[in-house]
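Enquirer: Read off the chains here:
Number of protein chains: 2
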Amino acid sequence: MKRAFDTEILSVGTELLLGHVTNTDARDISEMLSRIGINVKYHSVVGDNPARLRQCVEIAKSRADIIVTTGGLGPTCDDLTKQVLAECFGLRLVRDEDVVRSLYEYIDTGRGLTENTYQQAMLPEGCTVFPNSCGTAPGCAFEKDGKVVVMLPGPPKECRAMFERSALPYLRRLSGEVLVSHALNIFGIGESRVDDLFAKEMNAMINPSMAPYAKECDCLLQITAKAASEEEAEAMIAPVRAHVLEVLGDLVYGEDLECLEQAAMQALKERGMSFAACESCTGGDIARRFTELPGASAFFLGGAVTYVNAVKTELAGVPEALLEEKTAVSREVAQAMAEGIRARLGADLAVSVTGLAGPDGDGVHEVGTVFIALAAPERTWVRETHMGVNRTRSFIRRMAGNHAFDMMRRYLRGMDVE
Amino acid sequence: MKRAFDTEILSVGTELLLGHVTNTDARDISEMLSRIGINVKYHSVVGDNPARLRQCVEIAKSRADIIVTTGGLGPTCDDLTKQVLAECFGLRLVRDEDVVRSLYEYIDTGRGLTENTYQQAMLPEGCTVFPNSCGTAPGCAFEKDGKVVVMLPGPPKECRAMFERSALPYLRRLSGEVLVSHALNIFGIGESRVDDLFAKEMNAMINPSMAPYAKECDCLLQITAKAASEEEAEAMIAPVRAHVLEVLGDLVYGEDLECLEQAAMQALKERGMSFAACESCTGGDIARRFTELPGASAFFLGGAVTYVNAVKTELAGVPEALLEEKTAVSREVAQAMAEGIRARLGADLAVSVTGLAGPDGDGVHEVGTVFIALAAPERTWVRETHMGVNRTRSFIRRMAGNHAFDMMRRYLRGMDVE
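Taken in order, these protein sequences are the chains called A and B.
For the first sequence, my numbering assigns the number 1013 to the initial residue and increments by one for each residue that follows.
For the second sequence, my numbering assigns the number 1013 to the initial residue and increments by one for each residue that follows.
Think of the hints as simulated: they come from the structure by calculation, not from any bench.
Predicted, not measured: the structure shown is a model, and the values here were computed from it.
Just so you know, not all the hints are guaranteed correct.
Since the list gives no way to pick out one identical chain from another, each pair is judged satisfied if it fits inside one copy or across any two copies.
Derived DSSO-like pairs: lysine-lysine, alpha-carbon spacing no greater than 30 Å straight-line [claimed, not checked]:
hint, residue 1, residue 2
1, LYS1227, LYS1169
2, LYS1053, LYS1169
3, LYS1053, LYS1073
From just these sequences and the hints, can you work out the full model?
Expert: In structure tokens, the structure reads:
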């Protein structure tokens, strides 16, 4: 009989409920568990309150096979996770002399240990103790009533280190499966169109499975497979990936990337090329995004933020007459900006953006009208976009930047640019 | 009888359980609710699964007065929050024609709307609709069976904006008392120092109350008063504000602001002055941040992102000999960049940044060494900062920008700049 491994992560700490800290422990543990094929079905957070914690443990017992707690193991009076969990599973807390010794080594002040420091050495009888490599409070794990309980400290560094070193090997013994997941990054069509295209297949798929996710100005398709080994899981993913690539073609800009600028950087690296930028309505966001990537200086020379017309002329050499004739929000000015900055800085490529990010218009164009240009040695391309008057300023700016990086990646990989 | 407002935040999305994203929505909502005196007692997370979501809703109904959901409102087939919530409260979903109209405006492609886009206009009968200012899926709220239900979209920007604009006023109505809260924005000392300075008073205060909050590169003191009317609450806050201002002086850069660039813009407006920027390691982030503010074009002329040395010379006129003698990361080059761009663009003021944001060093300076300059008609000031080798790239860039905006605001308001 196959054993089930539905897991609940139960985080204990009033600071989480006040919003003073983010629950990164639950995210970290979920990510690491899903890699070894253990399904996290629930996260819950409760404050430092014994009655409410007890109720949450009872709920977790009723719906999960593995309960992972984080937080509430420290020496202060509001740290009550061990007491409550032991009680809920009918176990006594006993003093672990090895832990007492290591507490002495760690925080020996020459004056002995305080009463509440000793509390950290009180652990459920018969448990496996997890040493804390970055702090004092040890964690532990036990099996009882057909459930597995793992208790980890709250501070993210301690929690993560203990999970990786002690809890993961402990849990891996229980599972025979691995879970592998890849994201195909998509720009050019939205999440709901992707969903339309693959809805039938997705509904019929169980393992491997596939699901679309919207990001701010692009989206992704996540393909996940569960198998006995990593190789086997990868082999299950391969035909699904191939099918998606066949349907979507070059709308897929990468795999497991965070953003389009990473795809642009990869393509610049492959071709050994540099670029510059001349930005009006994006106001420096293209430069900022690319230079967030470590190693950007090998590909990005610099750029101009030409917010007013005179600066378009001064820094990028856009002719005053052209600005007067065509206005700043035009195909021609976008082209002149890209070509001007490319020549000025001696870059292989240059991108430019000019348009209306709102909230105010210019009386001529609608908010959301943006021209994006790419100047290359052989020619310049310009995309004209109308993103809609209801889009926010930050959406319009981010989307314009995505178009610029998309044009670069397409040019560098020999695809249609416009 | 005082009504209870125990709250559960229920987040829906398999991506949270896979650890692909962090539950920042729960953190943001918790923080904002605690400021208006509503207690969050539980967070829970469940995947895109109707049966498990239904169980979670039943648990939330049994232990909370207010249920706030996040996620699962989008157009794809795994978005099921509205259906399940409506079902659990015995409500039908009905089509909201106002929402259909706004969907048309938002994403009209000339081909009409797809079937799954329409789904977003299906809302629980009798609910209050919350428009989505950053996306398509609307949120909503209703009261039923003595419970209040609020449904918000999952993407953090959409969730936060809708919570602030629509959900917060909706929830505030429920409470008979008025809660007024003001944040004093602080730059130049950290949250823990602020905590030290006011710890005694804060511990003794109940209403009004005061609490420090750390932001990414600055901090704030939140003063909150609860009273029968807004005027009464404001009158309770006034002496506390006066005391804080007396202790902190010009370290307080504003009140209820989001960021330092807003303080800089206010000061530029008061003095009717313009500025330009020349950025090396911030890579356009100063220009990007300032131009995120609507109306930026009245004060910001433009700037240069001078990522490589040749561009510092080409766009900002920094002498090659100076770059060779002092290196790019120096007080002298920072000064030349600010003065160069100021003269070139004819701005009243100019700021510049040059330094090491990491992760790689230059073999001479430590990562975190950054020079920030402000050039004004009468002279130029330079700040030298050492942020520490353990800071992240994005922290160093943001902090450098904060220094630039702080120098501008101080100059414009006649305070010490260095």
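Enquirer: If a hint holds in the structure, say so; if it doesn't, say that too.
Expert: We went through each hint and held it up to the structure:
1. LYS1227 x LYS1169: The answer is both: 17 Å in one copy and 11 Å across copies each meet 30 Å.
2. LYS1053 x LYS1169: both (24 Å within a copy, 25 Å between copies)
3. LYS1053 x LYS1073: both (13 Å within a copy, 20 Å between copies)
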